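**Q** The lines below spell out each chain.
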Amino acid sequence: MELYRMTATELSEMIAHKKISSVELTRSVLDRIASRDKEIGAYLTVDEEGALAQAAKVDAKLAAGESLSPLAGIPLGIKDNICTRGIRTTCASKMLGNFVPPYNATVIEKLQAADYVCLGKLNMDEFAMGSSTETSYFQKTRNPHDLERVPGGSSGGSAAAVAAGEAIVTLGSDTGGSIRQPASYCGVVGLKPTYGSVSRYGLVAFASSLDQIGPMARSVSDTALLYSIICGQDPHDVTTARRSYSDFVAGMQPSVKGLKIGIPQEYFGEGVAAEVRESVMNVAREYEKMGAELVEISLPSTSYALAAYYIIASAEASSNLARFDGVKYGFRAAEYKNLEELYENTRSEGFGAEVKRRIMLGTYVLSSGYYDAYYKKAKFTQLMIQDRFRQAFQSCDVILTPTAPDTAFKLGENINDQIKMYMNDILTVTVNIAGLPAISIPCGRDSKNLPIGCQLIGSKFSEQTLFNTAAAYENLVGGFDLDQAIC
Amino acid sequence: MDYKGYEVIIGLEVHAELNTKTKIYCSCKNEFGLEVNSQCCPVCMGMPGTLPTLNGKVVEYAVKMGYALGCTINPVCKQDRKNYFYPDLPKAYQISQYDIPLCEHGHLDILVDGEERRIGITRIHIEEDAGKLIHDDSFSGTLVDFNRCGVPLIEIVSEPDLRSSKEAKVYLDTIRSILIYLGISDGKMQEGSIRCDINVSVHKPGEPFGTRVEMKNVNTFSGAVRAIDYEAARQIEVLEAGGTISQETRRWDDAKGENVLLRSKEDAQDYRYFPEPDLSTIVLEESELAAIKATIPELPNKKLVRYMKDFGLPEEDAHLLVDQQEKAAFFEELTALNKVKPKNASNWILGDISRLTNETGKTIAELGISAPALADLIALTEGNKISSSVAKSVFEEMLKTGKTAGEIVKEKGLEQVSDTDALQAIVDQVVAANQKSIDDYRGGKTNALGFLVGQCMKVSKGKGNPAIMREMLLKILEG
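Chains B and S supply the protein sequences, listed in that same order.
Position one of the first sequence corresponds to residue 1091 (the numbering used here), numbered consecutively onward.
Position one of the second sequence corresponds to residue 14 (the numbering used here), numbered consecutively onward.
Each hint should be verified, as a subset may be incorrect.
Straight-line C-alpha distance at most 30 Å; calculated DSS-like pairs for lysine-lysine [said to hold, decoys possible]:
no., chain 1, residue 1, chain 2, residue 2
1, B, Lys-1466, S, Lys-278
2, S, Lys-42, B, Lys-1200
3, S, Lys-315, S, Lys-42
4, S, Lys-179, S, Lys-42
5, S, Lys-315, B, Lys-1427
For the chain S half of the interface with chain B, some residues (derived, Cβ under 7 Å), not all of them [stated by the list, open to error]:
no., residue
6, Ser-51
7, Gly-69
8, Phe-98
9, Ala-461
10, Gly-463
11, Gly-467
Covered stretches of chain B (chain S as the covering partner; in silico rule of three or more C-beta atoms under 8 Å from a C-beta of chain S) [stated by the list, open to error]:
no., stretch
12, 1146 to 1158
13, 1172 to 1186
14, 1326 to 1332
15, 1438 to 1444
16, 1492 to 1504
17, 1542 to 1549
Hint data in this document are derived by calculation from the structure and do not stem from the laboratory.
Owing to the predicted nature of the structure, the values given are computational and were not obtained by experimental measurement.
Backbone N, C-alpha and C fix where the C-beta goes; we use that ideal spot for every residue, glycine too.
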């Protein structure tokens, strides 16, 4: 089998036993990118030279008998909102088209310490605002399962690259579903970790209180492997939790015996495609057969989550994105007569429509006289939702839902219908609002032969349970079939 | 200042830079006067993806000021974002505190014209400073220096309790001196360590308060006095002409001695405050607060009143002593020995000691004279053992040799001569040699007496008792 098709877990073993070199592997993935990415459009920047140099370094270390991390020599793609020192980090925006960070995100430091190989930077919705990767200023990314369709978003490049064999594993970021929904659309695994388990330092902020970086991969154990490396308290991010983490790969026990799986009726209702509903319920039945207990639960406050999400996320975004003003770095309008115009022209020309829409929305909800009616109420709703989840987890260990209401839609299909676009997030945003971990795994295909995703939600810091539960299904179905995407 | 029968209401917002080693949200050095843009990092420059981490010292220092001003400390509080665009503000928001400040409901007692006045303190909160815009003839356009970005500030907001520019000046001086006493700010006005915004309104006594106008860009305390008097006079003139005052913000131009409209109420900025999601809630344990409270020394405003009351010092002298912590401490050490009169101790500190510290740039401790040693010297003058002019030279000798005053006086035979026979001989000698001065005196130029006393002191090598010799001279001159 071609190396680019294999999982990190398999490749890691082969590299460690010198059956293959990291350079061979990296070459294989780079060749794949060269042949495939013209169509897919997952990458905004490919660092071929850097990747090969890094791979050679890993090979040299191994030749010198050093014992390395299981991630050593594995080629990764990084979502383009995660700062990489010396490599352009654009957030898929004209605003940061020329921005080369002089620092690494903490996750990148951790990956470097694990001797990863950086392939380059992946396309996304501009500043992670979107559900289709269509708001990228630079290019469209196509779903490897159907090139007419979107890969989902905002981590569309990260999902498409993994699905198409253009990376072994990737990093995405998830503010309202941006890892899980594209994972679902592209038939791969994506984890949105517990808020505070992965450092946000160096992740260009969209909504600070909701953003989390997370792994995307073709298997559950690869997802666990990458998560084990990136998680942990960071002195540079005071929102990271003060706790230690075990090795999630070593701790993997793919069994659901005695596990209580909650099925919330609200997530299977109107708006969710019948085929999606059926596939996800089928996963539930399989779990039951494997010894899990299914529990009907109710999460009624979910209906408020989308509104709360768009208020909180937009409010924080309006402030976080204010720094892009043309003064210090990034894009600056060519024409301006005074300071006011420098700001106006730079921000009018530098941001795309979706970003501007959210900045305006956020500015409005924070403005004097509206704060209590919107932002304060949304924060209150957030507390309520968190409380409801706490209650729910008293009667179950894991909650099972569809990841997205439907499978991948066509490019351009929803671009002018914001409400429809925002509804894509309805099943995922609640998790961000509640700060919980959730994993999306593939669970079959619909009649259009498009992947369907199933979401497992856990209580805070229950990632191990999510990996175990996900792996039990993965083992049952004999791994996630990506041949149709990778071919 | 004549306010033409109007009462002037003043409230002050003082911004003081704290002298922590590092900045408030990153590990960059908090130092003034270094090369432009040399003390900044991705965090204080607000680069994409960077996050702040709060410097605990800033909270500690602010709490100190809170206790010094009798505030209630909020043991649980948060930080908020104040959003606005300006090139010196790289994140386009300032991290500050909005609805829950670290300290609130305090007061400050100030001494104005011998009377203590209590000024309410609304709140004290922590925030970050912005950078500085640089305009210069050597280049066109504007440059930004980010060194000051993230320098920790406390903002001290007073109630509108001040009634004149004079009171405002005393308030500001007192705040500054407390900051220095607490060791939390260096109080250097010329480096912009303390700046203030001023709210002024005027009204006729018995009538409700007038509309207030805010003035920005006041960078010196004397500037504050000018700004307040200018604004009060402007408002009075408007009212006297039958006009009304509108709520607005004006910019003080100290060079021109006038202010100009910056923005009216309608254009007031909406800062869209909201809780800073990148930082955690500040939680202060009771034990932590108690430990901070225990470090608060006696404050200069309280010392001032005590020196006047307990030691009978004039206000001016008490002010000068209290002004520098080391002087006050030295004074207290001297008086605690119970050997000398407080006024004499004060005179020595404000006289020779201050002169020397000013000349040499040394601290009192570095001068190398202890309080007991100085007390011995002062005691010799108080006991008429040596004259004050001899005392000065003994003092110099003490500094040079480290010997005690008694030793020096004994070794050099400097003890004051009060023996009338010996003194009479000196006086006679001087009278005989200065006929012209005697004629001058008798001709009405009475200051010739001083000259003659001086001559006598010279002949006695400073040891003669000047009071006795003066009497002897007078007897001859008047006789």
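**Q** Please go over all the hints and tell whether each is borne out by the structure.
**A** Taking the hints in turn, this is what the structure says about them:
Between the alpha carbons of Lys-1466/B and Lys-278/S the distance comes to roughly 26 Å, so the proposed pair stays at or under 30 Å and holds. Simply put, Lys-42/S and Lys-1200/B have alpha-carbon atoms about 27 Å apart, close enough for the 30 Å limit, and the pair holds. The straight-line distance between the Cα atoms of Lys-315/S and Lys-42/S is roughly 34 Å, outside the 30 Å bound, and the hint therefore fails. Taking the CA atoms of Lys-179/S and Lys-42/S, the gap is near 37 Å; set against the 30 Å cutoff, the hint is violated.
The suggested pairing of Lys-315/S with Lys-1427/B is violated, with an alpha-carbon distance near 55 Å, which exceeds 30 Å. For Ser-51/S, the interface hint is violated, the least distance from its beta-carbon to any beta-carbon of chain B being 15 Å, above 7 Å. Given the 7 Å rule on beta carbons, the hint for Gly-69/S is violated: about 12 Å separates it from the nearest Cβ of chain B. Using the Cβ-Cβ criterion of 7 Å, the hint placing Phe-98/S at the interface with chain B is satisfied: the shortest such distance is roughly 6 Å.
Nearest Cβ of chain B to the Cβ of Ala-461/S: about 72 Å, over the 7 Å cut. The hint is violated. Taking 7 Å as the C-beta contact cut-off toward chain B, the hint placing Gly-463/S at the interface is violated, the least distance being around 68 Å. Proximity of Gly-467/S to chain B is violated relative to the hint, the smallest CB-CB distance being about 69 Å (cut-off 7 Å). Requiring three or more residues with a Cβ within less than 8 Å of a Cβ of chain S, the coverage given for the stretch 1146 to 1158 of chain B is violated, as only 0 such residues are present.
Counting residues of the stretch 1172 to 1186 of chain B whose beta carbon lies closer than 8 Å to any beta carbon of chain S gives 5, which reaches the threshold of three, so the coverage claim holds. With 4 residues bearing a CB less than 8 Å from a CB of chain S, the stretch 1326 to 1332 of chain B meets the requirement of three and the coverage assertion stands. Residue count for the stretch 1438 to 1444 of chain B with a Cβ under 8 Å from a Cβ of chain S: 0. That is fewer than the three needed, and the coverage hint is violated. Beta-carbon proximity to chain S at under 8 Å applies to 0 residues in the stretch 1492 to 1504 of chain B; the threshold of 3 is not reached and the given coverage is violated.
Only residues whose beta carbon comes within less than 8 Å of a beta carbon in chain S count, and the stretch 1542 to 1549 of chain B has 0; fewer than three means the coverage is violated.
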